[in-house]
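Make a model of the complete structure from these sequences and hints.
Protein sequences, first through last, are from chains A and B.
Quick note on my numbering: the first sequence kicks off at 5 and runs consecutively.
Quick note on my numbering: the second sequence kicks off at 1313 and runs consecutively.
It is possible that some hints are incorrect.
Derived contacts from chain A toward chain B, CB cut-off under 10 Å, selection only [as the list claims (entries may be wrong)]:
| id | residue |
| --- | --- |
| 1 | His60 |
| 2 | His395 |
| 3 | Ala403 |
| 4 | Ala410 |
| 5 | Ala451 |
| 6 | Arg454 |
| 7 | Phe455 |
Only pairs whose alpha carbons sit at most 35 Å apart, straight line, appear in this in silico DSBU-like list of lysine-lysine [what the hints assert, rightly or not]:
| id | chain 1 | residue 1 | chain 2 | residue 2 |
| --- | --- | --- | --- | --- |
| 8 | B | Lys1439 | B | Lys1429 |
| 9 | B | Lys1358 | B | Lys1439 |
| 10 | B | Lys1358 | B | Lys1429 |
| 11 | A | Lys137 | A | Lys157 |
| 12 | B | Lys1429 | A | Lys63 |
| 13 | A | Lys137 | B | Lys1429 |
Derived by calculation from the structure, the hints in this document are not laboratory data.
In this text, all values refer to a predicted model and were calculated from it rather than measured experimentally.
Glycine is no exception: its CB is placed at the ideal position from the N, C-alpha and C atoms.
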Amino acid sequence: MRWDPNREGRDVIMASDGDKNRTVGNAPVGSARQERRGFDSRAMRAAFPALHREVHPGKPLVYLDSAATAPKPQAVLDAVRRYDAEFPANVHRGIHTLAEEATEAYEAARATVAAWLGSTDPLGDASRVVFVKNATEALNLVALGWAGSRLEKGDEVVLTVAEHHANLVPWRMLAERRGVTLRYADLDAEGRLTFEAVEAVVSERTRVLAVTGLSNILGTSLPVDRLVALGRSVGAAVVVDLAQAAGRLPAPVNGGWLEADFLAFSGHKLGGPTGVGVLVGRPERLEETEPILGGGGMIARVDLDAVTWTEPPHKFEAGTPPIAQAIGLAAAIDFLDQFDRVAIAAHEQRLAQRAARELAALDGVRLVGAGADRVERHGIVSFVCDAVHPHDLAQWADADGVAIRAGHHCGQPLHRRLGLTASARASFGPYNDDADVDCLIATVRSALARFGRHRATVAVGSHRIGTPR
Amino acid sequence: MIDQLYCDEILDLARNSPHRGDLNHPDLLACLSNPLCGDELTIALKLAPPENPDDTDPDHRRIEAFRFVGHGCAISQAAVELLAEHLEGRTLAEARAFSERDLLDLLGLPLTPARLKCGLLGLRALKRALDAEARDRGRPF
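Set out below in C-alpha cells:
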C-alpha cells in the first residue's frame, strides 16, 4: 500500500528511488506546476475552522496575527488526525505496516519541504531537510553544532539590528563562550533594512552571515541570492532566518534559497502544527555540524565506550521526532501549493500596504520602519499610537474581535534602535481581505478617540532617579 | 468589560499621575521591566525620620514620598499611581504586608493573565526594593 498524504480524491503518485516520473505532493517536480487554483481569499478562508469563531459575543474573529502563527487549514487537521488514528507508529523503528506507513509519510514530508523551498530536485535534497522543534532550535543547532566548534576569538558574525531574538540570542551566547565578535547591519535613514547595510559590515573577518530573510517587524525582505554571493565572496557561511519569508515570499524556482549554507523556519507559520521546525543545510555543512542532542535514531553504532553517528538528517533527530507535526507541515505545504504563491504574496503585500497607508493617515499614528509609500511591506505593518500604548491598543482591538500583536515581537534591539519599547503589529495571510483592513482601521480609530484626550503615558523626567545609595 | 477596563478613572490615573517624577537621594530604589512588552518602571521611596529617635527599626518608618518614572500601558501606569497614593504615609511594614491581591482589589479591574503582569509591575518593583532593603539591613541607613 502506498500512503497518500493528500486529501482524498487527489491523484498522487508517491515517489520512490529510481522513479523517473517523480512526483511530490500534487505537482510534478522540476516542471512548472500547473492548474493551480485561482486565488480567492474568501474561498481560502473557508478552509480554516479557527477563522470562523467568535471571540466575544457578536464579535467574529478578525485574525491579523499570522506573523506570530498561522491558523491551520482543515487539511492539516485531517492529516494529523489521520496519522494519529490510522498509523500512529514510530519511525525508523518497526517492520510492521503501521511503522512503514509512518516512516514513509514522515520521510516524504522532507521532499515536500525541499520542493516548497524551490528545490529543482526535491527527492535528492530531502536529506538536507532536518526536522527540529522550531526555527529557534534550528538556529541554535547552527550556532552550537556548526559555529560552536569552528569559530574563534576575533572571528566575526554579521547580523542585522532587526533580527528576531531567535537569530540573535544564540549568537550572543556563542560570542560570550568563544570570544566571537558580533557585527550588526543598521537600518538606513528611512528606517529600511537594506542589502547594502549588510554589505557594509561584512569583511574578511566575517565567518558567518546570519540574517533574516524577512523582518517580522519591518516586513521588509533581504535578497537571499545576493546574501549568498556576499558570503561566498569572503568565505563566510550564510544562515538565513526564513521564519517569515518561508510563508510570505515565493521561493525562487531555480532553488536559489537552497544555495545558502543554512535555512531555518517554523512549520506553524505556514499553517502546520506547532512543534515542528526545519533546518535545511548544504550537505557539506550538515556533515560538518555536530549534533547537539544525543539519543536513539541518530547513531550508526553505540558501544559502551564509543558512539558513531549516523548520516544527516537523522544525525540531528535524536529521539522520537515530531512525526504527526512533520506530516501536518507537509499537508500545510500541499494545501498552500494549490494556490499561486506569487498571487498570495501580492495579496498580502497589498493589504499591508493599504493598512499602512490608512494607519499613517490617522493623527497620532506612526509606522515602524519605512514610510507608508514603501512598497516592500510583505504582509506586515507595525505601528505606534502616540496616545495609546500597544498593549492597551491590542486589548481594545480584541474587544472588537481584532487580533493584533503588541509588544516588542522578540525584537527588542530594533525597537530600541527606533527609540521605542513596543509597537502594535498587524500581519496578513491569504485568508484576510479588505474587510479585515476596514476592521483594523475602525478599531484603531475608536481607540484613538477613547484614549485621545489622555495623552501618552510615555517617559516623563529622566530615567535616572536621584543617586542610588 | 473593555469599558470597565478603560474607564475614566483608570485613564485619568494613568494620565494625571501626581506621583510620577524624580526623587533625589531616595532611601529605596528599584527598577523592573515587563519582558512581554519591554516596559520599564523605576520606583523610588523616601522615608520619614523615625518618629521615636530611639527606634532603629526601619520597618517602623513611614513612606514620605513614593515616586515612579518609566513608561507603560494605561493599566501599569494607573496601578502604580494608585499604589503610590495608597502607600504614601504608611510604614515600610505596611508596605511589606501589602499583597498583590490587595492591589488587584484596589484596582477592581477584570485583568486577563497577560495583563496581570502590567497591573502588578509597580508592586513587583516595590517588593524588589523592599527585599533589597531587607538584605541590606545592618548597613547604615
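Right, here's what the structure says about each hint:
no., hint, in the structure
1, His60, "holds, 8 Å"
2, His395, "holds, 4 Å"
3, Ala403, "holds, 4 Å"
4, Ala410, "holds, 7 Å"
5, Ala451, "holds, 9 Å"
6, Arg454, "holds, 6 Å"
7, Phe455, "holds, 7 Å"
8, B:Lys1439 x B:Lys1429, "holds, 14 Å"
9, B:Lys1358 x B:Lys1439, "holds, 15 Å"
10, B:Lys1358 x B:Lys1429, "holds, 25 Å"
11, A:Lys137 x A:Lys157, "holds, 30 Å"
12, B:Lys1429 x A:Lys63, "holds, 26 Å"
13, A:Lys137 x B:Lys1429, "holds, 28 Å"
The earlier numbered hints are all upheld by this structure, with none contradicted.
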